[in-house]
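**Q** Please model the entire structure based on the sequences and the hints provided.
Note that the protein sequences, when read in sequence, are chains A and B. The first sequence runs contiguously to residue 129 in the numbering used here. The second sequence runs contiguously to residue 101 in the numbering used here.
Any given hint could be a false lead.
Listed next, the in silico DSSO-like pairs over lysine-lysine satisfying Cα-Cα at most 27 Å (straight line) [what the hints assert, rightly or not]:
id : chain 1 : residue 1 : chain 2 : residue 2
1  : A       : K54       : B       : K1
2  : A       : K75       : A       : K59
3  : A       : K121      : B       : K(-3)
4  : A       : K54       : B       : K3
5  : B       : K43       : A       : K121
6  : B       : K(-3)     : A       : K54
7  : A       : K59       : A       : K85
Everything labelled a hint here was simulated from the structure, so no lab data went into it.
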Amino acid sequence: GENVEQHPSTLSVQEGDSAVIKCTYSDSASNYFPWYKQELGKRPQLIIDIRSNVGEKKDQRIAVTLNKTAKHFSLHITETQPEDSAVYFCAASRTGYSTLTFGKGTMLLVSP
Amino acid sequence: GAGVSQSPSNKVTEKGKDVELRCDPISGHTALYWYRQSLGQGLEFLIYFQGNSAPDKSGLPSDRFSAERTGGSVSTLTIQRTQQEDSAVYLCASSQTGTGAREQYFGPGTRLTVT
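**A** As structure tokens, this is what we get:
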């Protein structure tokens, strides 16, 4: 089955800096890669996703890049703000399946 | 509209007891998922229901765990003879049907503590 590795497990940045979280996956048939944000004590929420027919997708301060050859994808957050502090999960899903395999999460702390 | 709801929000039980956790998905969502979230362990897939198809039970950790979905809507996750290692937050999610994966909407979770 699919295996998703996520790094780093924790990331501390200063407000205004950029943050990058990286994930690798094992199943070359995976073609859907969402990112979820989970604030402390709250439920995970989708913030951005990408499908395998594109290499990059942006939404304001966040972007995701995908390298299918290397089987890795990354989340980029620019101009970080304290409210970006949360745990971020990457996930992968293969063609024809709806179940997601999640990474173990990255705790991002943005200091003012 | 209403999101995914779960009950109870917290459950404390003694080792060896059975527990039932409930999930109400978003109306019209045919896909329903259960996950377990332990500290520092991410989201562990447990079971997936899609319409009237047989559920994907590949993530259930042991035969003490079971789930059902009645009428294609509400789902109940049952853990029999609970153990301390079952302590975790149990999250339910639902999504629309369609080809391939869609956004999953999560409920607030049930925090289970086994003493």
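**Q** For each hint given before, does the structure comply? Return the numbers of the non-compliant ones in rising order.
**A** Those not satisfied are hints 1, 4, 7.
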